[in-house]
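Asks: Can you make the complete structure from the sequences, with help from the hints?
For the record, the sequence lines run as chains W and H. Residue numbering for the first sequence follows the numbering used here, starting at 19 and increasing by one per position. Residue numbering for the second sequence follows the numbering used here, starting at 367 and increasing by one per position.
Please note: incorrect hints may appear among the correct ones.
With the C-beta cut set under 8 Å, the calculated list includes, among others, these residues of chain H facing chain W [what the hints assert, rightly or not]:
| # | residue |
| --- | --- |
| 1 | Thr-526 |
| 2 | Ala-530 |
| 3 | Arg-532 |
| 4 | Thr-533 |
| 5 | Leu-534 |
| 6 | Gly-535 |
| 7 | Ala-536 |
| 8 | Pro-548 |
| 9 | Leu-549 |
For the record, the hints were derived by calculation from the structure and aren't laboratory data. Bear in mind the structure is a predicted one, so any value in this text is a computation, not a measurement. Where a beta carbon is used, it is the ideal one built from N, C-alpha and C, also for glycine.
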Amino acid sequence: MLRAVAGLRRPDKGRIACDGETWFDSAAGVDLPPEARSVGLVFQEYALFPHMSVRANIAFGGARRVDDLLERFRISHLAGERPPAISGGERQRVALARALAREPAVLLLDEPLAALDAHTRELVRAELQDLLAELPVPALLVTHDFRDASALADRIGVILDGRLRQLGTPQELIARPADAFVATFTGGNLLSGDARPLPGGGSEITLADGAVVRSDETAEGRVGVALYPWEVGVALAPPGDGLNAIPGSVHGLAPEGGRIRLRVGELAAECSPEEAQRLGLADGTRACATFTTASARLVH
Amino acid sequence: MARRAGFTAFLALCLGVALTFLALPIVALFAEVPLGDVPDLLGDPAVQEALAVTARTNAVANALILGFGTPAAYFLATRRFRGRALLVTLVELPLVLPPAVAGIGLLAAFGAGGLFGDELATSGIVLPFTEWAVVLAVTFVASPFYLRQGIAAFESVDDTLTDAARTLGASPSRTFLRVALPLAAGGLAAGWVLAFARGIGEFGATIVFAGNVRGETQTVTLAIYEQLESNFDIALAISVLLVVLSATILLSYKLLSSWRRSSSTSPSPFARTSSSSA
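Replies: Written out as structure tokens, the structure reads:
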């Protein structure tokens with residue numbers, strides 16, 4: 019998609035315009051070459067010119083602001099180095115500086131974090147977050163990772179098989195996933211079952227394994243039940259009081275960000291370390307995954 | 367164990383036979399020539415003229431090969447179109463063509479009564495048996511070496527780098543000059559070394575198309591052929607000179623390829639193409 023915006027790949031049909039200027043229009047026969055489109059494309063593997071110094075790489079896009087950019091990205095000390103000699107995080111900063119040197123109308127980022135190891139990734143993600151926030155230029159970022167997307171983007175478009183499934187803020191996507199794919203992409207569990215509307219509103223869903231859960235949403239027929247791990251708790255016995263409970267054995271306990279991630283049966287759930295200790299959770303413990311009727315979102 | 371050692375001994379024996387056979391003529395050259403007399407022998411007017419003809423004709427031929435071959439190789443390496451494979455094969459054909467056939471072909475094209483002979487004759491251009499005929503013969507047999515290696519060199523340039531140049535505002539020609547050309551330079555130079563060596567050693571097409579006229583079309587290899595009869599020592603002396611030149615070319619080719627391997631991160635098609643075209 020970014021290659022189409024940049025003019026490197028010709029879309030079958032449609033229209034691409036930026037700031038009132040049409041770059042591509044299949045109906046009108048408009049197709050500007052890449053150099054005529056004001057884009058700053060940061061390639062997945064950065065595509066720095068290996069035969070040029072860092073300074074020459076940035077100057078290739080535009081010579082006017084090289085010193086500013088070197089300083090802003092804290093890479094002045096690398097100005098004379100060749101790209102193969104610098105680290106992955108540094109390369110990304112050079113690639114960003116080079117893309118911005120052209121003073122583009124839009125910044126395009128192709129999986130900017132995919133080439134980095136897990137540790138550098140966290141650091142660079144935070145850096146990128148600050149940078150995108152202060153940049154006066156809109157940015158279009160492609161990623162396969164919802165965490166990257168929610169950290170970096172104001173709005174996320176979920177695309178599957180070339181079709182836009184949902185467009186919204188990260189919060190909107192989680193609160194109202196449009197379909198089963200968006201639900202799992204945003205980190206949710208997905209159960210499938212048959213829904214039956216209840217007289218007082220809401221519905222009752224019979225899951226594939228025979229368990230019955232309730233949701234506040236009304237639906238009928240085949241549905242998916244999306245459950246986010248942070249809304250799924252653990253109890254040793256079904257708690258009653260209107261909570262849904264699905265029994266299963268505990269496994270895959272792992273600390274994550276001050277909480278404990280675990281699986282109860284096939285559901286990913288979360289609890290506090292204190293609670294895990296109080297309940298004596300260990301691999302193989304029989305327990306119930308519990309969740310409210312409000313958190314059981316129904317998707318198709 | 368014994369069988370394995372026996373096999374190794376067999377391999378070593380074959381290597382010994384091959385090496386002896388390959389080295390013997392070179393050693394013999396240096397053993398037969400009166401080494402002290404080589405400078406004097408090379409000072410012979412016939413040798414001097416042959417050297418001058420070789421230098422002039424090869425300089426022009428190599429300029430043509432680089433000037434037309436580089437953009438042509440870039441085109442074939444970066445564009446996909448119907449019949450491309452056929453074109454590449456056509457470019458490579460002179461590599462496998464017997465040189466005498468190349469000479470006849472050039473005569474048939476540019477000679478009197480040939481395909482373009484009449485047109486050329488009426489406009490006052492006579493090519494066969496002139497220095498230009500040597501240039502054409504050398505260009506014909508040597509350019510495929512450069513083109514072939516050049517296509518491989520441009521193909522090994524990462525597409526995303528040329529794409530990046532375009533998105534940074536570079537036109538296709540600036541992208542070629544600033545990105546593709548410098549990145550392919552190592553491979554292009556290696557291809558040129560091969561073409562240059564082939565051009566210096568050219569004999570068959572030249573003698574058919576350009577003849578063996580002293581001071582006009584007689585290159586060093588043709589001079590060796592002529593001196594065989596009249597003065598064997600001169601033939602030996604020229605041969606020694608060419609051995610030294612060839613060894614220098616081979617050495618620079620090897621140095622170039624090891625330098626390319628160490629300086630480039632992308633896999634190089636060098637070993638594959640050099641082993642098949644050498």
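Asks: Are the hints correct? Go through all of them and say.
Replies: Each hint, compared with the structure:
| no. | hint | result |
| --- | --- | --- |
| 1 | Thr-526 | holds, 4 Å |
| 2 | Ala-530 | holds, 4 Å |
| 3 | Arg-532 | holds, 4 Å |
| 4 | Thr-533 | holds, 4 Å |
| 5 | Leu-534 | holds, 4 Å |
| 6 | Gly-535 | holds, 5 Å |
| 7 | Ala-536 | holds, 6 Å |
| 8 | Pro-548 | holds, 5 Å |
| 9 | Leu-549 | holds, 6 Å |
In summary, this structure violates none of the numbered hints.
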